[in-house]
Each structure stands twice: as structure tokens, then as C-alpha cells.
Amino acid sequence: MNFPIVACSGYNDGNIVFVSKSDQASDYHLNYLGTDQTLTYSIMMSNVKGYPSNMTFTGLCSYDNTHSSILMIFENLENRLHQPENNTVDVSFSKLQISGNNPFFSTNESIRLPETKIISAVNMAGTNATSSIAFISRQSKEIALNLLRTPLSLTKLATLTEPGVLAADVESNSVYVLQATAISEYQLTHQVYSTFAVSSHLTQSSESSARVLSVDQTRQILFYEPSTGYLNIYSHQPSLSSYRPLQPNPDRPTLSSASVQPTIASDASIPTRSVTPSAMTLSKLQHAKRDDPPSAWAVRRMQMQDDEAKDREGQRVLSVVAVPGTALEWMAVVDQEGEFSVWNDTLAQPTPTGFPERVSSADRLSGGAIAGIVLGSLAFAALLAGLWLCRRKRRRQTLLPSGDIEEKLRSITDPVQPAAGLTTRRVQPSFGEQDPRSSEITCRSDGRPDIRPLSYVEGRIDFAHLSDEEMLELEPERSGPMMLFSGAYKSLPDEPVSYDRQEECATRTFMTEDGRYCSVHYFASSRTEALIRAVYAVTAIQGPSEHVMKSERVILLNSPTPRYGYQSIWITSPTIPARSLQTLFFDTLWSPLDQPGRDNRVWSTLSVIKAVKAVHEHGFVHLAIDTHSFYYDPSTSNWILGRFMNVQRQGTALTRQRLPQTRFTPPELLTDSQGLHEVTAETDMWSLGCVIYAIATNGLFLFENCADLQNLMTDRNTAERYLKRTVDENVKDEPFRVLLGGMLVLSPKDRKSVQFALDYWKKMYQLDSS
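Numbering of the sequence shown is given in our numbering, commencing with residue 27 and proceeding in unit increments.
Please keep in mind that the hints were generated in silico from the structure rather than gathered at the bench. Backbone N, C-alpha and C define an ideal beta-carbon position, used for all residues, glycine too. Any given hint could be a false lead.
Distance ranges between label pairs, derived from CB positions [claimed, not checked]:
| id | residue 1 | residue 2 | range |
| --- | --- | --- | --- |
| 1 | T66 | R504 | 22 to 28 Å |
| 2 | K775 | R747 | 47 to 53 Å |
| 3 | G85 | R747 | 50 to 56 Å |
| 4 | Q329 | Q243 | 24 to 30 Å |
| 5 | L498 | L793 | 33 to 39 Å |
| 6 | H491 | E555 | 18 to 24 Å |
| 7 | T92 | R747 | 46 to 52 Å |
| 8 | I69 | T662 | 32 to 38 Å |
| 9 | G85 | R627 | 40 to 46 Å |
| 10 | I69 | S166 | 34 to 40 Å |
| 11 | S166 | T244 | 20 to 26 Å |
| 12 | Q243 | S166 | 37 to 43 Å |
| 13 | N80 | A745 | 22 to 28 Å |
Pairs of lysine to aspartate or glutamate residues, derived as DMTMM-like cross-links and limited to a Cα-Cα distance of at most 20 Å, are as follows [what the hints assert, rightly or not]:
| id | residue 1 | residue 2 |
| --- | --- | --- |
| 14 | K750 | D659 |
| 15 | K167 | E197 |
| 16 | K789 | E755 |
| 17 | K143 | E197 |
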């Protein structure tokens with residue numbers, strides 16, 4: 027007997043809403059089924075208002091209870107019909123809004139995906155007009171988890187080892203990936219993830235998404251498999267999970283030939299590039315550490331009906347719907363002799379199989395022992411309360427009075443002056459190995475260090491003394507909008523926090539009162555020295571140059587923030603990861619850079635050369651130049667150099683261990699010597715050459731990681747032959763080959779200067795003389 031299939035389902039205003047198909051030859055229908063067994067509404071999907079024209083529904087959809095809508099995936103197969111050799115598919119993510127008996131399609135986001143199949147997708151819409159969609163894609167041999175933000179910003183979050191099903195917890199902005207051997211949570215706001223290894227026997231089903239319920243601080247993820255009759259329930263307590271940063275490794279390609287890339291719909295063919303991940307990269311992905319403690323997760327597998335019940339009286343459970351509320355409750359959509367009906371979990375009790383139960387040692391304690399524990403706990407709590415009150419009273423005597431955070435920040439708009447009774451001196455920042463703060467920190471009578479003299483950088487660094495409550499409000503990971511300096515800077519709603527492993531900072535995007543974007547960077551106390559050095563360098567360079575990031579102000583806090591330990595905040599011109607050279611030039615098929623009649627490679631090369639020239643002519647060395655360090659400025663159409671946390675004065679002697687080691691690191695910094703190395707402008711020229719090579723080849727890299735160059739350096743002649751052969755084979759334009767020939771030289775003293783590179787490039791392409 028053939029049973030209908032349910033593509034997705036959800037609970038809305040007393041009805042079960044689901045998308046069904048009677049058989050392979052029929053069309054999909056949208057149905058409302060009341061809990062009183064009444065089919066209150068049914069409509070053919072193609073008759074719904076706003077149904078995407080010239081598109082075909084793929085059968086993939088997911089219900090979003092938070093916004094009473096269904097995310098549906100459509101494909102335009104017209105390209106395949108007219109061009110059979112072209113496997114590129116136009117995919118449309120459409121939102122079907124549930125509005126009584128008048129459903130309608132409200133939004134439609136289209137992207138072009140080369141040789142790609144969507145496996146699962148869920149809506150991650152925020153509380154404002156912006157939205158995002160998480161989806162799993164299969165392209166060639168790669169399976170990836172991706173995030174599509176509007177307008178048309180697509181990010182590959184992770185490479186998966188096997189197919190999976192997604193579940194969205196919109197409230198926490200988290201997406202769960204359910205697989206046969208693991209379940210993972212990706213927190214999109216904090217850009218972290220956790221993975222728990224579990225054998226759930228999950229199989230592919232007619233439904234392509236799961237449901238999430240929040241019950242008593244525990245998230246319950248439900249997924250039903252009609253083919254087996256089993257309901258999988260994953261219980262997760264996020265507070266017990268350990269998380270790792272979700273960010274690309276700078277030593278590893280961020281894209282492969284299987285990458286999913288967004289585009290604007292166009293009839294013109296768009297070239298693609300190919301970067302193959304190394305065997306080491308694939309091995310790391312396949313053997314990723316499962317890092318969640320077992321107590322954070324529990325997995326249940328419940329049999330909704332046995333094999334005999336599937337055919338008894340022509341009855342079958344088609345889908346299980348999670349019911350929002352304070353308890354774990356679900357309903358089932360049942361087909362019985364061609365009629366839809368509802369099962370409630372209180373009416374039909376399924377048989378649980380494999381329920382893991384936590385065993386508590388309290389079960390084996392006597393009543394007296396338990397009473398003793400309770401009394402002891404109460405006494406200990408009273409003692410802690412007394413100590414806390416004493417400490418709070420003392421803090422109120424020694425700290426500034428607490429108040430609204432904006433008032434506190436407004437009070438530090440002027441450079442902080444030394445307090446009365448303290449003798450301080452202004453010093454020129456040192457760029458050597460010695461800590462420049464060591465001779466300037468004095469202490470008050472209560473032992474609290476006075477670090478106000480750090481405002482010596484021309485008033486660019488302010489000192490803020492805030493209460494614990496206000497410090498907590500400064501955490502970048504806090505939900506909701508954040509305002510600084512009486513609203514002079516306001517964070518964007520639902521803007522995710524990005525984490526830069528190389529800079530060791532967290533960054534959020536803010537909007538100024540006059541409508542400009544800016545970036546707010548958060549640093550731990552261990553990065554204070556590097557931050558002061560970066561602020562000093564950027565401040566010295568930014569005046570005459572349009573090619574480096576600009577510093578607006580720096581706030582040094584009296585102590586680290588209580589949750590994540592940030593102690594300094596740097597507000598700069600926008601350095602948004604989505605605008606980096608790596609993202610716009612290589613990671614997308616379409617970007618604002620694409621303008622008719624302009625060779626992006628030529629003007630981009632000129633722009634990055636000018637940026638490095640601005641650093642060198644002021645006596646600094648950047649030391650962290652790569653494709654992630656340049657950001658596009660739409661107001662000037664220039665590439666802006668950022669990420670200055672490794673900047674040094676030219677001629678500074680450093681140990682090699684203090685510098686980042688990536689595929690862009692010059693060979694002289696990759697030797698095994700433990701001694702000091704004098705950094706010069708030529709150090710940057712190698713890294714700049716690696717960036718220009720990537721520009722010239724549309725995204726190829728000279729080395730997959732720094733280890734490749736280290737291995738080559740064991741034989742200098744072999745390394746030189748490799749460099750020449752690689753450039754000659756992959757760089758087609760003679761001006762690029764000549765330019766790179768002067769920069770990618772193993773000996774620093776033989777490399778051409780940035781002024782030579784600028785003069786040569788202007789001459790070859792007859793560019794402006796500025």
C-alpha cells in the first residue's frame with residue numbers, strides 16, 4: 027500500500043500545519059489539521075499566492091514556529107534543459123507565511139549553486155528585517171554546512187563528514203546538525219560549536235528538518251523517521267557543553283572545488299576556480315575531536331509503531347510535530363485509509379527503547395545523610411552571603427559609583443589626566459622586547475594599580491572605571507543592541523560576533539550617529555601591549571593615507587569583563603570579515619567589485635601596494651599581511667589594510683615565535699633558530715608578493731601552509747626552481763610575472779622595495795601618479 031509523504035510539519039495556533047504529497051505523480055499540498063481530527067484547510071501548493079514562477083519545489087522544507095512560516099526550497103532547472111552540460115542550478119529559498127486561510131509567499135532569495143544538491147535547510151531569521159538560512163549542501167564529494175544571509179552573503183561554516191538533518195533554535199540563534207554518528211550545535215551569534223559522538227542510527231527521511239523545543243533550560247530536538255517508525259529525541263543542556271571557535275584556519279584553504287558560492291541571477295556564464303583541500307585537511311575533518319561531556323547530552327529512540335502496526339488497518343504515522351510549551355509534548359500526523367488524523371502522545375504511548383538515565387548517588391543515601399547535606403549546604407550558603415555583603419560594602423567605598431553605562435562612557439570623552447598625588451611621566455612607546463608599561467604603573471594605597479599613564483598616545487586611549495554590572499553590559503556576546511558614548515556608536519541588530527585567532531580579538535560591527543559603519547574590537551589584558559603598539563602605528567599612518575584602517579578611540583577598562591575577560595576596546599573604521607579581500611575576491615562568484623570594463627586584478631594590486639607603502643614610509647613593518655588583512659572600502663573603492671596587532675618598528679629584533687606563521691610568512695621567519703631576527707620592510711614584501719600571486723591567479727596560493735615552505739627551504743636551489751616554475755605556469759600576464767619575480771625572492775636583501783613595485787605597476791598600466 028502506498029502512503030502519502032510529509033515533507034515538513036509544525037504546530038500553529040491549534041492546528042498541525044504540514045506539506046504533503048499523496049504519491050509521486052501528484053502535486054504537493056499545504057494542509058491544516060485540527061487536533062479534533064478535522065482537516066480545516068487544504069490547498070495545492072502551486073495555487074498559493076506568490077508561488078515562485080518557473081521554479082520547481084524540491085520537496086525540501088522546514089517549519090519555523092517562531093515566525094509561523096515554512097522555508098521551502100525551489101530549483102530552476104531551465105539551465106539544465108537548455109544546456110545539459112551545465113550542472114549549475116538556480117536555487118530559491120522561499121518563505122511561505124502561514125496566515126489563516128490566506129497563506130502567501132513573502133520572500134524569495136535566489137542563489138546559483140554549481141553542481142550542488144541541497145540536503146536540508148532551516149530558517150534562522152532574526153527579530154528584525156534581516157534573516158539568514160542555514161543549509162547542508164552536497165557538491166562533488168564534499169558535504170558542507172552553509173549560512174546564507176540577506177542580502178546575498180553566503181558563508182561556509184563547516185565541512186561535514188556525512189549527510190545530516192538540520193534543526194533550528196531561532197531564539198538562541200543556534201543550528202543543530204543531526205547525523206548518524208554525531209550531533210553538533212553551531213552557535214551563530216558567538217561563532218562557536220560543540221560536537222557529541224553518538225550512534226543514533228539516523229537515516230535519510232522524507233522530512234529534511236527536525237524540531238527544537240526548549241524545556242527547563244534543556245533543548246529537545248525531535249526527528250521522526252517514517253521508514254523505521256522511530257522518533258529520535260536529543261536532549262541538550264548547552265550550559266554543560268564545551269565549545270570551540272568556529273573560524274577558518276589561516277593555514278588551510280577556506281574553499282574547495284566543492285564550495286557553495288552565491289551569485290546574482292544572470293544569463294552570463296561565470297567562471298569558477300578550483301582549490302583542492304590537502305589530505306591533511308580532510309584527515310583532520312574526519313577525525314575531529316568529539317568534545318562534549320556525556321552529561322550535556324541524552325539520546326532517546328522511541329518506536330512510534332511497530333512493523334505490524336504499519337500495515338494494520340492501513341494506518342501509518344507520517345510525521346511527528348513538536349508542540350511549544352513548558353513540557354515535552356508532541357503530536358503525530360497519521361494516515362488512515364487515505365484520511366489524515368492526529369495522535370497525541372497522551373493518547374498513544376510509544377514504547378521507549380534505549381533511554382539513557384542519569385544515575386545519582388543520592389539514590390543510595392539514607393534520609394539522615396540527605397538532611398545533613400541540606401543543613402550543611404544552607405550554612406555554607408549563609409557564610410558566602412555574609413562574605414559577599416562585606417566585599418560589596420568595601421567595593422562601594424573604593425570604586426566609583428555605578429550608574430548607567432552611557433553616563434560612564436560619556437565621562438571619559440576627554441583624555442584622562444593623572445590623579446592628584448600621583449607623579450607620572452609621558453614616555454615614547456618602546457617597540458623592543460621590554461614591556462613599555464613596566465616603568466609607568468604605580469599603585470594606590472589600596473593596592474589597585476593606576477594605569478592611567480597609558481593615555482600617553484596623544485589622548486587616543488581612555489581609561490574607564492566601571493562596575494561589574496556595567497562591565498557585563500560591555501561583553502560583545504550580550505544579546506540585543508549595544509550603545510556606546512550616549513548612542514554615538516550603536517551595534518547592528520543580530521550582527522554576529524566574529525573571532526580572529528591571529529589578532530586574538532572579538533569584533534562587532536557598529537553604526538555611528540552619522541550613518542557610518544565602524545568595527546569594535548575586544549582584546550584580553552594579555553594583548554594590551556600589542557594594542558598600544560597598533561594604535562600608535564595606525565594613528566601615525568592614518569592622517570595622510572586612505573589605504574590603512576583608522577583609529578577612532580580606545581577604551582582601557584579597570585579590570586577584565588567578568589564573563590569573557592576582555593579588558594580593552596578599540597573602535598576603528600570598518601574591518602568587516604565579509605568585506606575582506608579573501609571573501610570578496612575569492613570566496614564569492616559575485617561581489618560589489620564586479621564592474622564592467624575593469625580588471626579587478628590590476629587596480630587591486632595597485633591598491634594593496636599603496637597600503638603597504640603607507641606603512642613602510644612611516645617606519646613600520648606590518649608582519650601579518652595576507653588576504654584577510656585587506657578590507658574593501660566602498661566609499662573610496664580602495665583596499666584598506668587592517669589587522670595591525672603584530673606591527674613593529676623597522677629594525678626591531680624579535681624572536682620568530684612571536685610572529686604568526688601562515689602560508690604568507692617569509693622564509694627567513696620559518697627557520698628553526700631560536701635567536702632574534704631584525705624585521706625590515708623586506709619582510710612584508712614577501713607576504714605582499716604572496717597576496718599579489720593570489721590576485722593574479724584568481725585565488726591560488728603559493729603554499730598550502732608554512733610547513734610546505736619550510737620543507738622546501740631544506741634545499742635552497744629546489745625552492746628557487748619551485749618558485750619560478752609555479753609563477754611561470756600559473757601567472758599568464760607578463761607584468762605580474764615581472765613584479766612577483768622581484769618580490770618572491772628567498773633572500774630578503776634581494777627583494778624589491780614597495781616603492782619600486784608601485785613605480786613599476788603605474789608605468790606598466792599607465793595608472794595615476796598619486
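Hint-by-hint comparison with the structure:
no.: 1; hint: T66 <-> R504: 22 to 28 Å; in the structure: violated (42 Å)
no.: 2; hint: K775 <-> R747: 47 to 53 Å; in the structure: violated (21 Å)
no.: 3; hint: G85 <-> R747: 50 to 56 Å; in the structure: holds (54 Å)
no.: 4; hint: Q329 <-> Q243: 24 to 30 Å; in the structure: holds (28 Å)
no.: 5; hint: L498 <-> L793: 33 to 39 Å; in the structure: violated (51 Å)
no.: 6; hint: H491 <-> E555: 18 to 24 Å; in the structure: holds (21 Å)
no.: 7; hint: T92 <-> R747: 46 to 52 Å; in the structure: violated (60 Å)
no.: 8; hint: I69 <-> T662: 32 to 38 Å; in the structure: violated (52 Å)
no.: 9; hint: G85 <-> R627: 40 to 46 Å; in the structure: holds (42 Å)
no.: 10; hint: I69 <-> S166: 34 to 40 Å; in the structure: holds (38 Å)
no.: 11; hint: S166 <-> T244: 20 to 26 Å; in the structure: violated (38 Å)
no.: 12; hint: Q243 <-> S166: 37 to 43 Å; in the structure: holds (41 Å)
no.: 13; hint: N80 <-> A745: 22 to 28 Å; in the structure: violated (55 Å)
no.: 14; hint: K750 <-> D659; in the structure: violated (34 Å)
no.: 15; hint: K167 <-> E197; in the structure: violated (33 Å)
no.: 16; hint: K789 <-> E755; in the structure: violated (24 Å)
no.: 17; hint: K143 <-> E197; in the structure: violated (28 Å)
Violated hints, listed in ascending order, are 1, 2, 5, 7, 8, 11, 13, 14, 15, 16 and 17; each of the other numbered hints is respected by the structure.
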